Amino acid sequence: MAASRLTITLSFLACVVLFTPFSVASQNFLAEPSKVSLELYYESLCPYSANFIVNYLVDLFKDDGDLLSAVDLRLFPWGNAKIIGNDTFVCQHGPWECLLNTVEACAIHFWPKLEDHFPFIYCVEDLVYNRKYPEWETCFKILNLDPEPITKCYKSGQGKQLELKNAAETNALQPPHKYVPWVVVNGEPLYEDYANFVTYICNAYKGTDPPKACSKLSRYTIQMGKTWIADKVWYESSAMVDITERIRSTITWWMERITGVISS
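According to mature numbering (1 follows the signal peptide of the UniProt record, and there is no 0), the residues represented by the sequence shown are -25 to -1, 1 to 239, in order.
Please note that the accuracy of each hint is not assured.
With a cut-off of at most 25 Å between alpha-carbon atoms, the simulated DMTMM-like pairs for lysine to aspartate or glutamate come out as follows [to be verified]:
#1 127 - 168
#2 181 - 41
#3 10 - 91
#4 191 - 47
#5 181 - 168
#6 88 - 47
#7 10 - 112
#8 88 - 39
#9 135 - 168
#10 130 - 112
#11 130 - 91
#12 10 - 144
#13 57 - 167
#14 57 - 163
#15 57 - 231
#16 153 - 168
#17 140 - 90
#18 10 - 167
#19 10 - 62
#20 181 - 62
#21 116 - 41
#22 107 - 90
#23 130 - 34
#24 191 - 168
#25 107 - 121
#26 127 - 90
#27 130 - 110
#28 187 - 62
#29 135 - 121
#30 116 - 90
#31 37 - 231
#32 153 - 39
#33 10 - 41
#34 88 - 231
#35 127 - 62
#36 10 - 121
#37 107 - 163
These are computed hints drawn from the structure, not numbers from a lab. Note that this is a predicted model, so its numbers are computed, not measured.
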């Protein structure tokens, strides 16, 4: 696993909403039949959002992506941003966050398949997690991606319009989100228990062939607790590890598993 989990009580693992929410029309999206809808509402520079993406969402790809095959995952990079008029918005962590929110929205739009946009978002958020986010453009090279469509998107009005759509989705949530990351499974928010999203996925799954992670859920939960401690030790003793190589190796591991899921 790429980076260490934060050793903070889960009641504090959220970036609190600092802006007054605004109301917009609600729009519902349905997952594929038998698949569980998993939605993540986040903001790019929130350390707890980055922690969740880098250290928790990758659990979907354990057991060769068996759990991923039961999930319809959608990402909404907006978080606690606020529209201040004339389609202009400000972000909780400043202009850098507005930029990276827009970049990630563009990636989701131009690379709509999960196996295409998630590695890029993972790469960017891993840099955020390690406080190296100004180097986000290195992710194009790491993943051998063409930067042109994303660059054109975030530098034009298209990127802004994509973010306004994410604003509408985020602010249409019922109940409204209170902080980020805000994780929703089949329309139900997990609140501060979002780290246990796998349990909620398993409880919501109605298919005839449950994922392996669900059949060994109790053992999985124990192992996750042990990993939390081990990762803390690894992180503190490995500060000089080259981050580019670590991202590359983690993405390679991830892609090998998701390729098997998509082709099956």
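*Which numbered hints are broken by the structure, listed smallest first?*
1, 7, 9, 15, 19, 20, 21, 23, 28, 32, 36 and 37
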